[in-house]
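Read off the chains here:
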Amino acid sequence: SQQGEEDPQALSIQEGENATMNCSYKTSINNLQWYRQNSGRGLVHLILIRSNEREKHSGRLRVTLDTSKKSSSLLITASRAADTASYFCATPRSFSGAGSYQLTFGKGTKLSVIP
Amino acid sequence: SQTIHQWPATLVQPVGSPLSLECTVEGTSNPNLYWYRQAAGRGLQLLFYSVGIGQISSEVPQNLSASRPQDRQFILSSKKLLLSDSGFYLCAWSVSTGMGSNQPQHFGDGTRLSIL
Numbered sequence: 001s002q003q004g005e006e007d008p009q010a011l012s013i014q015e016g017e018n019a020t021m022n023c024s025y026k027t028s029i030n031n032l033q034w035y036r037q038n039s040g041r042g043l044v045h046l047i048l049i050r051s052n053e054r055e056k057h058s059g060r061l062r063v064t065l066d067t068s069k070k071s072s073s074l075l076i077t078a079s080r081a082a083d084t085a086s087y088f089c090a091t092p093r094s095f096s097g098a099g100s101y102q103l104t105f106g107k108g109t110k111l112s113v114i115p
Numbered sequence: 001s002q003t004i005h006q007w008p009a010t011l012v013q014p015v016g017s018p019l020s021l022e023c024t025v026e027g028t029s030n031p032n033l034y035w036y037r038q039a040a041g042r043g044l045q046l047l048f049y050s051v052g053i054g055q056i057s058s059e060v061p062q063n064l065s066a067s068r069p070q071d072r073q074f075i076l077s078s079k080k081l082l083l084s085d086s087g088f089y090l091c092a093w094s095v096s097t098g099m100g101s102n103q104p105q106h107f108g109d110g111t112r113l114s115i116l
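Chains F and S, in that order, are what the protein sequence lines are.
Here the first sequence stands for residues 1 to 115, where the numbers follow my numbering.
Here the second sequence stands for residues 1 to 116, where the numbers follow my numbering.
Calculated from the structure, these hints are not laboratory results.
There could be a bad hint or two in this list.
Taking CB as the label site, the calculated pair distances span [said to hold, decoys possible]:
hint : chain 1 : residue 1 : chain 2 : residue 2 : range
1    : F       : LYS69     : S       : GLY41     : 24 to 32 angstroms
2    : S       : GLY54     : F       : LEU75     : 41 to 49 angstroms
3    : S       : ALA40     : F       : SER58     : 26 to 34 angstroms
4    : F       : PRO115    : S       : VAL15     : 21 to 29 angstroms
Below, a sample of chain S positions facing chain F; criterion: calculated Cβ distance under 10 angstroms [to be verified]:
hint : residue
5    : LEU44
6    : CYS91
7    : VAL95
These numbers were taken from a predicted model, which means no experiment stands behind them.
By construction, the Cβ of each residue, glycine as well, lies at the ideal position given by its N, Cα and C atoms.
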């Protein structure tokens with residue numbers, strides 16, 4: 001079953017603009033992760049933010065986490081054509097009911113950056 | 001540095017034929033290993049994960065199976081493929097420290113499987 005949901009499903013912006021993607025989830029989490037997937041390729045890990053963190057930066061990426069609203073956002077500043085990809089949030093959920101937690105991924109936001 | 005290899009990159013198989021997809025990891029030991037399937041325009045569905053040799057966990061009932069014959073080798077198999085098995089199959093690994101969901105996962109480049 002799905003835990004995280006990204007919004008919007010698709011986003012098209014001009015190069016140089018900022019892109020913001022949102023993720024909402026349903027149950028309490030101890031961390032949330034963002035991944036990028038270029039067309040036809042595997043996912044690449046971008047950022048992991050823990051539940052006791054509110055904001056995290058990595059280069060042009062800024063991730064926020066609001067546990068009271070069960071939501072996270074990914075901001076890409078000064079976007080480039082190479083940022084064109086799908087972006088997924090991933091959150092832990094109980095797996096197999098055996099005390100194990102595994103990541104569950106949303107359907108992603110498809111970002112298109114127009115040169 | 002660690003690398004993950006998946007093959008083949010693309011595969012076209014007839015309905016009812018067997019399947020074997022292989023994934024190997026280099027540069028780390030005792031990793032957690034994962035098989036995911038991604039349908040077009042959908043998120044990832046976790047099929048199997050493994051915390052050690054011979055240890056496989058699965059949640060979704062299906063005609064697929066997984067095996068881990070060596071520490072850094074993970075194999076996805078089927079005896080008879082169905083049309084619904086079409087999709088993009090991704091292998092991933094993470095370090096085994098702590099809970100698997102607390103660690104970043106590192107993905108291979110996937111296998112595009114088409115069933116005819």
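Q: Could you tell me which of the numbered hints above are not met by this structure, giving the numbers in increasing order?
A: Going through the list in order, the structure violates hints 4, 7 and respects the others.
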